[in-house]
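If you're matching positions, the sequence shown starts at 588 in my numbering and goes up one per residue.
No wet-lab data here; the hints were simulated from the structure. Note that the coordinates shown come from a computational prediction; the quantities given were computed from them, not determined experimentally. Fair warning: there could be bad hints in the mix.
To be verified - Here are the simulated BS3-like cross-link-like pairs (lysine-lysine), alpha carbons at most 30 Å apart as the crow flies:
#1 K820 x K790
#2 K825 x K752
#3 K916 x K752
#4 K820 x K752
#5 K825 x K790
#6 K752 x K790
#7 K615 x K790
#8 K825 x K916
#9 K820 x K916
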Amino acid sequence: MNLEDIARLSGVSRSTVSRVVNDDLNVKDSTRERVLDVIRQENYRPNIAARGLAAGHARVIGLVIPVEVSTLFSDPYFPLLIQGVSTVCNARDYLLMLWLGEPEYERQMADQILHSGLIGGVVLAAGLVNEPILQALAQSKMPFVTIGGHPGLDRLNFVDVENVKGTQEAIYHLMGLGRRRIATIAGPESMVAGADRLTGYRKALTSRDIPVNPALIVEGDFSELGGFVAMQKLLPQKPDAVFVANDNMAVGAMRAITQAGLSVPQDVALVGFDDMPVATQLQPALTTVRQPKRRAGAAAATMLLDLIQNPEGEEPHYLMLPTELIVRKSCGA
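Please model the complete structure; the sequences and the hints are all you need to start from.
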């Protein structure tokens, strides 16, 4: 079964079938449906490489995650993100190439991506404020979308979650429970999500005329051990609540609290961010800010493929996804 066969069965020209297969928008809906019906009936699978040549771009996109492999598989965030990107690629007949690498090799990785000729666009995840690969992509002609906004780049296509607003909602919830000495274990300020969530913490306090106390802010590294160490540093300050910038660190923070002979939530209320599976496995279960991880990956892939197929669009695209506070027992209410 080839394009000529599909054209004959559909009653259209070979070039029309080619335009349908390559998602050309200049095809009547009725004609498109007739061709697609035949394709489905005959179980026709177009050659991806040939489609790329016909369309003038590779039908392969790169998902770039410039982190160590151990980090990728120890943090549940990334597999869910990958799943979202992969689902869209499968649905639109694109192949997905995953690029991993330690941050110090980003410039080398950027050179490989931009000059390999293998991919037609990039979804970039990780979210460092100053990211060499992002600068290289911004200076190139390759379509790309980032997961996470980046300060300093005006014309950027990105998908992000409401990190600031979600954090504020968590802090207001703690205030509503009567907690006043609210500390935070922040993410690295070198990462956009870490900086945004710290901004949300500060905004929530100042909006209620509560001074921001630097002694109640300790930076972590988004790891469980980082949360444990940061909580040990905070405990002498006697906080009655702690907002932790991700669930991984919240696991370590809860362990530090209990090892100090204190109780969650009676002595210290705890809120995380992400709503990872571990949040419901903790005792007590963790109150946390849920972010739509799969949806973020899917939205970024959709945005990128739309950019590839419509390169004439000049306005940058962005999408902010809402978060949701999931209240469990680590706050007491």
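Can the restraint linking K820 and K790 be considered satisfied, given a maximum Cα separation of 30 Å?
Given pair K820, K790 holds - Cα atoms ~23 Å apart, limit 30 Å.
CA of K916 to CA of K752, is that 30 Å or under?
22 Å, holds
For the pair supplied as a hint, K752 and K790, is the alpha-carbon distance within the 30 Å limit?
9 Å, holds
Hey, K820 versus K752, does the alpha-carbon distance stay inside 30 Å?
27 Å, holds
Holds or violated: are the alpha carbons of K825 and K916 at most 30 Å from each other?
20 Å, holds
Check whether the Cα positions of K825 and K790 lie no farther apart than 30 Å.
22 Å, holds
If you draw a straight line from the CA of K615 to the CA of K790, is it 30 Å or shorter?
51 Å, violated
30 Å Cα cutoff - pair K825, K752:
Measuring from Cα to Cα gives roughly 26 Å; hence the hint holds.
Going straight from one Cα to the other, do K820 and K916 come out at no more than 30 Å?
24 Å, holds
Hint 7 from the earlier list is the only one contradicted by this structure; the remaining hints agree with it.
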